[in-house]
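Visitor: Sequence:
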Amino acid sequence: MNTLQFVFAVHNHQPVGNFDHVLAQNYDTCYKPFFDLLERHPAIPFCAHFSGCLLEWLAANRLPFFIQIERLVQSGQLELLGGGFHEPIFAMLPERDRVGQVLLMSDYLRHRFGCEVRGAWLAERVWEPHVVTALADAGIAYTVLDDAHLRAAGVRGDDLLGPCLTEDQGRLLTVFNIHERLRYQIPFENDVERVLDTLRGLASEDGRRLVVYADDGEKFGGWPHTHAHVYTNGWLERFLTALERNADWLRVTTFSRALAEVPPRVRAYLPVTSYREMNEWALPTETAIAYHAEVDRLKREGRYDAVAPFLRAGIWHNFRAKYPESNWMYGRMLDVSDQVDRLPKRGKAYPAAQAALYRGQCNCAYWHGQFGGLYLPHLRAALYSHLIDAENLAEAAVPGRRPPAAYRERDVNLDGHPEIVLSSGTLNVFVAPACGGQILEIDLRDKRINLLATLARRKEWYHPALIEKARRQKASGAPAAPGDGIAVRRGDLEENLFEDAHLRASLVDHVFDPGVSLEDIAASRAPERGDFVHGAYAAEPSKTEGGVRLRLVRDGAIRPGGAPPRPLRIEKVLDLDATANTLASQYTLTLGGAEAAEIRFAVELNFAMLAEDGGTRYFHTGKRAPIGHLGARLDLKHQRQLFLVDDWQGIEIAVIASPPAGIQTYPVKTVSQSESEYELNYQSTVVLPCWTVRLEPGTPWQAQLTQRFERL
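Using the numbering used here, read the sequence shown as starting at 624 and increasing by one per residue.
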């Protein structure tokens, strides 16, 4: 009789910063029913990985489930995998943090469940060869990747039906590979016998073949429409019963047992890669569109399966090139990691600072694919909150008296040009002289809020499909049907597809024609008549009696009405007060040449407030009488000040203009896909003080903007 060994494993994770009701819903619809059902089938051993952030929530909110996990571990039915505690992508971490995250997870599982950890789950199965050394240094013997990883290394045929041995710097690691067809069949193939047919077709006379299923546990009840399929309609019960019924030829085992009993079939060195879909998502948008068109052509021609192992697409690191906001967050994480690493390892501050840093390394908000990820403002805000917390703890632990205000240089966005960080006891302000002298981050340190955790609007590879689907629905008059892919449930998505020409930063210096409309500005259609948005500014930081100052100067050009270029110097002097929670920006514009020029000078400010309305977020011009929520489009004339209130976060921001300015506001909203539908997400509120001025050659024109940040 032909026989086969089979590992059944699930990976359960919820991002740092996810909403409590989302975790509770996934517990009710997915985690709890899955483990209850497996416990009723004690003859079926299985493996599971929980991210540490999910385990912490379960321990605090669902303790009986924690006890159930321990019971299954102690009975020998369940093997738990370790990994990075807060589900980081190892490829983005310093080596010290890779090892530290894995050791933290192994210690946690040992302490809580009494198990010795042999294996590690790699977040998103993002692989780099040197990950081997970090895992080995942390005591890990095996990991789990896709068969696509091995195919990319040239492994084929029977060599895919068993473990693989790989090596780095003399350190060894066993790799179990996930069978791609099973990953798509389980649990979506309604006929369980067809899944058994796939397994039966892989069985061999010598019984030495091993096949692995391992994928997101949320597919078993957490994803749209899966709870009814898996539990109400009994798919998982039928599958487990089928495994028991076929135990004479199908031996269900665990990774650790297979590690001891099944020798590696091949030695291979795997390239930098992840699962196929991740590699596709990481491609630049236009390249991704072209890639999918070629894949579709190959499938139509019946050639795709033959060439698929040789199609590479992108690598996970490309997300940092695709999304500058992700790259900035990555650079901040590295900066904070360096600060934490400089602390005495036996000091009181180190454990808390390290824990906050590790939370800020959770991978989900650093990229975007099938799920919201980077597009979800609450996830980005949570990571920044933990990184700011870690930075505060590290700084407070440094011996000696901290100056009331200071500045430092650091190439945070890793573009070869240093940013300048202005700091007081309450604020951090990150300025990029090489990128328009823009402010890329403002931290309210005590609140642990980055007011510039923003996201620009950009084209995504799936937007053409969204447009086509939305137009079909409008033409037919019918709503989205269940099972018709990602749903278009809103009628305003297509009209919100804009592409921004710059990051949603602050102190973005625009030169427009005098008659430009708010509608064109909000849609990023207004012609830019200067070269100051992206142009490099010379920078000169200094200390002052009351704080720190940064003088920025650019000798650029303007083209009023599209005319030939005219020289214009913009000087902006930033003063960060050490004690008053204020940032003042003094502007001086000096026109060169012989003729006057009439322009609209506008300084863009962005504020990421998590949400636009809800009754607790609004604008006012004084005395806190609301004039609109933070998603309102306002066009105020001759205004000295505008206030933004967020009662939920407990902050009020004043924008004060001198001389009085026209102040325009509008929301930045992005259109992105999730697992079930296309979403329209609020990202930030733009406040745009603007002056229509006639510049005379050689005569300076001046204005001042002051931002004041108050805690409510």
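None of these hints come from the bench; they were simulated from the model. Among these hints, one or two may not hold up.
Derived lysine to aspartate or glutamate pairs resembling DMTMM-like cross-links, with alpha carbons at most 20 Å apart [said to hold, decoys possible]:
(1) Lys-1092 x Asp-1123
(2) Lys-1082 x Glu-1122
(3) Lys-1097 x Asp-919
(4) Lys-1082 x Glu-812
(5) Lys-1070 x Glu-816
(6) Lys-655 x Glu-693
(7) Lys-1082 x Glu-1032
(8) Lys-1292 x Glu-1333
(9) Lys-1082 x Asp-1069
(10) Lys-922 x Glu-803
(11) Lys-1097 x Asp-1115
(12) Lys-1166 x Glu-1032
(13) Lys-1097 x Glu-1300
(14) Lys-842 x Glu-812
(15) Lys-1097 x Glu-1122
(16) Lys-842 x Glu-1163
(17) Lys-655 x Glu-860
(18) Lys-1166 x Glu-1151
(19) Lys-842 x Glu-884
(20) Lys-1292 x Asp-1143
(21) Lys-1092 x Asp-919
(22) Lys-1082 x Glu-803
(23) Lys-1292 x Asp-1178
(24) Lys-1246 x Glu-1117
(25) Lys-1082 x Asp-1270
(26) Lys-1246 x Glu-1218
(27) Lys-1292 x Glu-1117
(28) Lys-968 x Glu-812
(29) Lys-1097 x Glu-1118
Visitor: So which hints don't hold here, by number, going up?
Guide: 1, 3, 4, 5, 7, 8, 9, 15, 16, 18, 19, 22, 23, 24, 25, 26 and 28
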